[in-house]
Each structure stands twice: as C-alpha cells, then as structure tokens.
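Sequences are here, hints too, so could you generate the full structure?
Protein chains: 2
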Amino acid sequence: MRKGLPKREEGFSSWYTQIVNKADLADYGPVKGTMVIKPYGFQLWENIKESFDKMIKETGHVNAYFPLFIPKSFLAREAEHVEGFAKECAIVTHTRLKSDEKNGVVVDPESKLEEELIVRPTSETIIWSMYKKWIQSYRDLPILINQWANVVRWEMRTRLFLRTSEFLWQEGHTAHATKEEAEKETLDILGLYQKLAEEYLAIPVITGIKTEAEKFAGAERTYCIEAMMGDKKALQAGTSHDLGQNFAKAFDVKFQTKDNREELVWATSWGVSTRLVGAIILTHGDDKGLRLPPKIAPIQLVIIPIYKTIEQEQLIKDYIQDLVEDWKNHEIRVHEDWTDNTPGFKFNNWEMKGVPLRLEVGPRDIEKNNVVLARRDSGEKVFLSKVEAIKKVPELLINIQENLFSQALQFREKNTHVINKYDELKTIIKQGGFVRCGWDGKASTEAKIKEETKATIRCIPLDEKPKDLKCIYSTSPAKHEVIFAKAY
Amino acid sequence: MRKGLPKREEGFSSWYTQIVNKADLADYGPVKGTMVIKPYGFQLWENIKESFDKMIKETGHVNAYFPLFIPKSFLAREAEHVEGFAKECAIVTHTRLKSDEKNGVVVDPESKLEEELIVRPTSETIIWSMYKKWIQSYRDLPILINQWANVVRWEMRTRLFLRTSEFLWQEGHTAHATKEEAEKETLDILGLYQKLAEEYLAIPVITGIKTEAEKFAGAERTYCIEAMMGDKKALQAGTSHDLGQNFAKAFDVKFQTKDNREELVWATSWGVSTRLVGAIILTHGDDKGLRLPPKIAPIQLVIIPIYKTIEQEQLIKDYIQDLVEDWKNHEIRVHEDWTDNTPGFKFNNWEMKGVPLRLEVGPRDIEKNNVVLARRDSGEKVFLSKVEAIKKVPELLINIQENLFSQALQFREKNTHVINKYDELKTIIKQGGFVRCGWDGKASTEAKIKEETKATIRCIPLDEKPKDLKCIYSTSPAKHEVIFAKAY
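In the order they appear, the protein sequences are chains A and B.
Just so we're aligned, residue 1 is where the first sequence starts under the working numbering, counting upward by one.
Just so we're aligned, residue 1 is where the second sequence starts under the working numbering, counting upward by one.
These aren't lab readings, by the way, just hints derived from the structure by calculation.
For each residue, glycine too, the CB sits at the ideal point set by N, CA and C.
Hints may be right or wrong, so weigh each one.
[Stated by the list, open to error] Only pairs whose alpha carbons sit at most 25 Å apart, straight line, appear in this in silico DSS-like list of lysine-lysine:
no.	chain 1	residue 1	chain 2	residue 2
1	B	K22	A	K132
2	A	K32	B	K98
3	B	K57	A	K346
4	A	K249	B	K98
5	A	K133	B	K346
6	B	K54	A	K328
7	B	K32	A	K132
8	A	K54	B	K57
9	B	K49	A	K57
10	B	K57	A	K317
[As the list claims (entries may be wrong)] Looking from chain A toward chain B, a few residues come up when the C-beta cut is under 10 Å (computed):
no.	residue
11	D27
12	V36
13	I37
14	G41
15	N63
16	L68
17	P71
18	A86
19	E88
20	C89
21	H94
22	S99
23	I127
24	M130
25	L168
Structure follows, in structure tokens:
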C-alpha cells in the first residue's frame, strides 16, 4: 500500500511533488531538468489539447509544423528576443558520433556544423523566416497558424509540469494586414484562454496586460491569464502577445496593400503549455490528492466492485453491464477496477488520481437494486437506484465541474486584498495572497517592490480602475491598478 | 495562374516535388534537410494520426511523452543500436549563447555540457531507462505505451516527407513478460499498420519480415509493410520490431515472475511516420496532381459556385445551404470556394489538392433543380437532383476510397513478377517492378544482387512458399521466397 500524502499545510511544495508521483502523472527524466509525462498525465494533457484545438479551429485557425532547429543567426535578428532566450538554450554543434578505442563513443569533431543550431525555445524566428516566403500581398493575409510542439528552455531548477527544460505547448503565430486586426486577434485568443481555463479546467483567471518588465522578449504588448494557486501564489497560465511589426522588421516581411503600398506585416503569438497540468493540481488538489474537473478528466467515473466470491464478482458484472453501456453511449469516460487490490486501496488510489465520481457496488446494493455514488470534490455519498444513477451521473459531473470552479473563485476572492498601504502589501505578500492596488507606472517602483517583497506585478487587469488611486509605494497618482503577488 | 505539373512519365521525381509544392503540402525549412509541413499537409497527417491513434487505443495502448534528449552514454549501451544511428545524429553540446563584441552572438564555451546529449533518433534507450524504474514484477506488465513525437536523423539528401532530418512519427514501445507475448504484439501491430495503409490510405501493402541486413539496429526481428509506388519502386511504410531482450539487457530491466524467478523483460517497438504522406502522393497522384482517399482527405467535397452577378451568388448560397448543412451533419468535410478566382482556376487547384469530390452549381443547374458532381479519381461527372445528391455523396466517397485501393492493387499485381531467372530479375529491376523469387538465405547473395542491380530484399512475405524454389542468383535450394525491388 502506498504511503499517504503530506498535508498541504505542512509543505505545499512536497505535497505537489508527491501528487505528481502518486497520481502517476509524471516522472523525472534521466537528464537534469527533463520530465517524462506518464500515460495518466498525458491523457489529461490530451484532453486539454483537444478542447483548445477545437476552439481555435472553430475560429478559423489551422495547425502546421515548423522545424525544431533554428539557425543561431535567426535568433539573433530580433535584439530583445535573443536577449530573452540566450541564457537558456540547447545548442546543436555536431552531427556524428564515432568509436574511439580509448574513450568509447565520442563526438566526431569533423562533423562540426558551420552554423550552430538552437533547439527552439519558441518559434517566432523560424516561422517569420517562412512567412517571408509566403506573404506577398494582402490576399495572403491573414495567416492564422498554430503548432503543437515541444520546446526547450534550459532549466536546472526542475518542478514537474511547472518548470522543465523541455515542455509541450501550442504556439499560435498569426500575420495580419493591420495593427487593429493583430490587436483584436491577441485579445480574441486571450478570451479563448480564459474560456479554456474557466470552463474546462475550472480555474478562475484574471485577464490582464503585463508590464514592460514582465512582457515577452520581442512583443509590443503581452496579455496574460493569471490564476491563484492553493498556496495563494500566482501562476501565469497563458500569454498572448501583440508583436507589432517587430518580427516583420527582423525578417523583412512586407506585403502589398489593396491600394498598392508596401507595408510591414503585423504579428501575434500566443501559447499555453503542459504547465496547465501543474495549474490544475495546484488549484484543485487537496489532502487526499488530485481533484480533476470532469470535462478534462481521463476517467470521469470509476467503478469499484465489492465482492468476496467469484459468484459475487459475476453478479456485479451482470448487474452493472447496462449502466456502463448506457454511460459509454453518452460518452462518459468510465473505468471499472477489477484488480485484486482491496476496496480501501482502490478508494485511496482513485481519490489520489482525482477521478470526479466513484461508484461502489456490492451484493447488498444489488439486493436493494441500488448503487452508491461518491463525489471526489465534496466527499458526499448518495444512495441511488440503478435507474436514478443513469440520469444522475451526467448531472453530478456538471455539478462537480461548477463546484470546483466556484470553490477556486471563492478562494481567490477571499485572498485578494484591495489595499493602499505598502505595509499591508508586505504583510499580505508574506502571508500569501493577491494585492490589488495603484502603481505609478515606473519600472523603478516595480523593481523596488520586487526586491523588498519578492512580489511582482502579475498584470494590469483589463478591468482596472486607476482613477483616483495612488501608487502603493510612491503615493504619487497611480497610472494603473495592478495585481501584485509572488509567482511560480 | 499556377503553372502545370510535369507529366509523371517525364520525371517522376520532379513531378513529386511539384505536387508537394503546388498542393500546399510542405515547404523546405531554412536548415538543410528540414521540412515545414503546411496546414493542408498537416491536416492530412492529423487525419492519419487520428485514425491510427483510435486503433491503438482500442487495443489497450496508451500515449505518453518521453524527453527529446538522450545522454550519449545511453545510446552507446546497445552496440548495434548506436552503430545504426551514430552517423546521423544531432548532438547538443552547449546551453548558452552570449554577446561577443567582435562576432555578435556566439556560443558560450563555459556552458559546455559534461555529457553530450543526442536529439532522439528513436526512443528505445531513454524509454528503457525509465522502464528500469517502473518494472519490478509481472504485475507491472505488459506496458503498452506509444508516443507521438518528432525525431531527428541527420540527412543531407532531402525529399520532403520521404527523407528529412526531422520528421514526425509515432513510436510504440511495449514491455512483456514472455517472448510469445512480445512476438504476438509485434504481429498485432503489423496487422494494424496493414489496416491503416489499406483501409484508410487505400495503399495495398505486403506484410513481411526483413532480412538481417535490413532489420532495425537492435531488433531480433523486424516486420514491415511494403508498398509499390507509382514509379514501381518500393516504399517501406511501417515497421514493427520484436526486440527480444536486447534493450532489457542493455538497461538491466528484470522482473519477478509469478513463480518468483527473476527474468529479463521482452520488448517491441514500432513506428509509422509523416513518410506516409509521401506514400499517398506516390501511390495515388496523377498528372493533374494529388488524389486523396476520402477517409483521410482534409476536404472530401469542394463546392465551386459558378456565377457572374451578386444576385446569382446569393441564389447559389441559398440553394446549397440545406445540402451543405445535411452533409456537415453527417460529418462530411465540405468546403465552399467563394474566392474571386475563375471556376477554371478553382477546378485545377482543387484537383491538384486531390479533393475526392467536386460539386459545381450555377444558375442553370438551379433552374433544373440540379447539381453536378465530379469525381477526382476517375474524372467522371454525374448530373443529379438535389435530393439525389444528398444520398449520393456518401456513397461516392466510399466508392472512391475502394476504387483508389483497387487501382493501386491492380497496378502492383501487374508489376509484380514471379520469376526464377537472374537475367529476368535484372531486366525487371531496370524497368521497374517487384520481383518475387527464391533466395538462398545468404547475406553474400543479397549483397551481390544489391551491388549488381541496386535492388534490395524488401521483405520475406509472411505468405512465402519457399518449398521447391531455387535461389534466383545461386540456384541453390531457396531458404525463403522474397520480394526484390529498388526502394525509396
């Protein structure tokens, strides 16, 4: 039997790591900083991916695939961009191994590349080098391309799903004829990210804009969705960048307008990653393990049969057959656990894995023509007839989805503090929570607060009301209302 | 207007390259040997992927994700394996760039890795290093894991989809308690590959086993599906390997059997790649461009409205609305082409892109309450009433799928020669085609035939009948009946 989970309050970080392990979500890879996504964790990612893929396709986006390797010179073309990624990239320099009598298998020095290749940390540069070939006229615009891919940003401080050298993500890269259209795209995608987070992952998010200090290397404006995790820290869950004409400039991508002028193309890029799996754990997990939102749970309902004899086993199999069939026909993801573990072990195991609903059934339930349904979110148990159970399961799944969202929302609201004193900010940041307050718009103020409290401006929320506010630090008139918090 | 395609007979290779370009399937990447898969080509790959993913999930397989980077020492553990991949791998040696006043952005020599990392050419080694952690007892077996991933094998002779440095594929890696179970898995997957090729891609394949000279580096036995392309050359379209205990040995992966013995684990691996897109082009393409099997075509039916005035345009929109709705409800992938190109341009363009069915509709058709349907496979046109068209489209799609398969099968049969004279083999190989004949089983014979004719043994077909055959080269009694051909 597996050992229990540490309580969240005793050590959030170790609690997190152990959930990832005990719920069979991921494992450490052999190379420092890398992650193996195990089947259960990967199914979760596949469900997230499928949900978002559908949204972007419905809004006219298409998928494509661009190469993994970026010539070093491409990365260097956009000054801020290379600055942002230079310190954490994997560099390919050779293309052949050879046998060496003394040292075994070694890199063949003769296979050295003329120009080194960078394993993509993100694909703006390689994609805009292609757009240069593909875009001539306004008729070629817009291009609304997305790719699902792996990217690499060298990291030594690994936290599975949250911070790993290689991760999986989607990266959208769009090209537009006007500034307005690009800005609209950036915001439309932000809306889809919010929808994905709130309606599918049951994670309430604040939509906002990043400060200069926090924006993407190469962007004009970075929009983001920010969420509060169970330890009251913030997690950036997705970003959408208005890139202006920066990459068009770097790669000389111009188009002929309708009235025959030549103009630089306008760009956006946007991404969410396997980090979202980490966000789900950190938002919904409890002392028993994971709690998964039904819409993206690999298994929505697990059936635990309780029996001692082969006859009882058969009895249960016959008894639940039509139930399971009916649920499967309604596309409910059902799993029956017929392993020879004890019911107690199974309860713990599936609670750890966060399955939203558990059905228990044994000979006594069959006598009464009943089943027992237990909710993972609340622990609540209901005793139902078979007929009732068929109808009740889809209802409960909707209900659990909503309940996880509203629990998370309540938690965030309880721990978000609208204040105007810097001392209060310091206390709250120390205790954990979001601070909503005025900021004078100065990078120096932002830097000092970060230095003194480790809190950063997570975003300028889209619904900011800076009027009449004062900066919490300098007490000068506020330029923006912002959210401060410590972040992952 | 785009220039026409060269005829296949005038130059198959240039015909292929131009289809890839003109049908918007792919483009060359900036780094030699790399490929950009464009949206239309990628949608084709997504449909193939989805079809196969469903098959493997239905047979109990699950997806996971393993890291891109393999420590050099891992690759070196299995002698044949490293031998097979050493000469064509991308090697990561550094992890940081820095600015240099003289040379701009350069690799920071201080970021040199202690151990070089190989970008995965295939993932046996990294996966078996994890199975070492995950497998202790027979209860942990079987493991039936697949991953969809990018892999890199350094190539300078690029042919889009057929041979590129980076390509996309699935790689299954399973672990079993017995030799028999591993062998069964290898063959079960071979069966799924055949099903994928024949029922979805409409490509008839020969299932067989590779000779020692042609098998996968590290395998005990490599099974394959081999197909005949339109130029009568062979293309290996998928391989399934029985790895025996080779990787378990290399990574010391043992398990406790039911009767408490310790044994090495048995392994398989298997893969199909974006090469299948190339196979579709080479099998079904004609002088007008691509012909796509309906089951995996991104667009199954394209609607070309024929009009001159805005009134006519509106008339057509109203007229086809219920048709389109009905087809979409039946999950037929319909596209309406309302661009301002001429109908002639549109006809050519969608023929180039291989859309199985074209619907033409203009004011005169509306007067007669008709539409025109044109088949891409045969060029045949049918005039139908609207009501008939609704029913006819799904029927025609099935029909086209079957017709493409039977055309390809007839072509292969016509160009497969069962012979027993070496002179004949030489002539046939020169003219193009498959030779089915006896082989004495000697590597030296195989090598000589390859040297003299450039033909290789594509496989020993599973339905071989070597009894009473003589080797086509040595005239000694044949050990196997084999297929010789030139190959991609």
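- Identify every previously stated hint that the structure contradicts and give their numbers, smallest first. none
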